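Protein chains in written order, with the working numbering: chain Y, 1 to 110; chain Z, 111 to 223.
I should point out that these hints are in silico values taken from the structure, not numbers from a laboratory. Just so you know, these numbers come straight off a predicted model, no measurement behind them. Some hints could be false.
Said to hold, decoys possible - A partial selection of chain Y residues facing chain Z, derived with a Cβ cut-off under 10 Å:
| # | residue |
| --- | --- |
| 1 | Q33 |
| 2 | L75 |
| 3 | A90 |
| 4 | K109 |
Glycine included, every Cβ here is placed at the ideal spot set by N, Cα and C.
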Amino acid sequence: SQQGEEDPQALSIQEGENATMNCSYKTSINNLQWYRQNSGRGLVHLILIRSNEREKHSGRLRVTLDTSKKSSSLLITASRAADTASYFCASAAYGNKLVFGAGTILRVKS
Amino acid sequence: AAGVIQSPRHLIKEKRETATLKCYPIPRHDTVYWYQQGPGQDPQFLISFYEKMQSDKGSIPDRFSAQQFSDYHSELNMSSLELGDSALYFCASSLYLRTDTQYFGPGTRLTVL
Chain Y
1 SQQGEEDPQA
11 LSIQEGENAT
21 MNCSYKTSIN
31 NLQWYRQNSG
41 RGLVHLILIR
51 SNEREKHSGR
61 LRVTLDTSKK
71 SSSLLITASR
81 AADTASYFCA
91 SAAYGNKLVF
101 GAGTILRVKS
Chain Z
111 AAGVIQSPRH
121 LIKEKRETAT
131 LKCYPIPRHD
141 TVYWYQQGPG
151 QDPQFLISFY
161 EKMQSDKGSI
171 PDRFSAQQFS
181 DYHSELNMSS
191 LELGDSALYF
201 CASSLYLRTD
211 TQYFGPGTRL
221 TVL
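Put together the whole structure using the sequences plus the hints.
Given below as structure tokens:
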């Protein structure tokens with residue numbers, strides 16, 4: 001990846017468990033976004049957190065941002081089989097291109 | 111709600127041929143971004159346009175060119191195709207200075223044989 005790493009690269013959990021994915025980036029940002037991608041398909045926007053925010057919630061999603069460590073985490077609570085997908089973080093300077101992390105492949109077993 | 115439209119969805123070309131990918135942004139969105147995603151890789155930024163002017167450029171080969179038209183749709187032109195150009199090509203749109211979220215189209219899967 002041209003930007004940073006995502007951790008773990010792959011995660012396999014049981015339905016109902018929580019899934020946590022971490023992401024690091026390298027440069028100063030305006031915001032960080034998380035996307036989901038089902039196998040070989042389009043990127044679906046999940047949540048955006050701005051550089052002046054530390055935590056954000058949306059439904060079963062919780063995102064944290066630590067600009068001092070240049071890192072972010074995505075927590076999916078009470079996972080479902082339908083959450084099985086690849087998850088990417090993408091950082092952006094204001095109004096600019098997204099720089100993606102390497103992605104985490106999440107598998108939720110029912 | 112209307113989404114980003116990309117055409118074609120699938121494209122098969124031979125080496126050294128040319129290809130044109132089209133992107134129609136969400137209505138009223140004035141900024142378009144192009145990304146390339148190789149097999150098993152993360153999306154890589156290629157180029158972006160704001161109000162029909164190139165606003166940023168990434169790792170786009172010289173064999174590729176793009177433009178944004180007066181109706182804000184964009185086209186990515188790819189010449190002298192190589193096997194390594196086989197990838198998913200995504201277009202995303204946003205409303206510059208109004209929203210930071212980029213909305214992605216379904217992608218065009220290009221296969222070069």
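To see whether the hints hold, each was checked on the structure:
1. At its closest, the beta carbon of Q33(Y) sits 7 Å from a beta carbon of chain Z; the interface hint therefore holds under the 10 Å criterion.
2. Below 10 Å, beta-carbon pairs count as interface contacts, and L75(Y) has none with chain Z, the closest being about 20 Å; its hint is therefore violated.
3. Taking 10 Å as the C-beta cut-off, the interface hint given for A90(Y) holds, the closest approach to chain Z being about 8 Å.
4. The closest approach between the C-beta of K109(Y) and any C-beta of chain Z is roughly 22 Å, which is over the 10 Å cut-off, so the hint fails.
In summary, the structure is inconsistent with hints 2 and 4 from the numbered list given earlier, while agreeing with the others.
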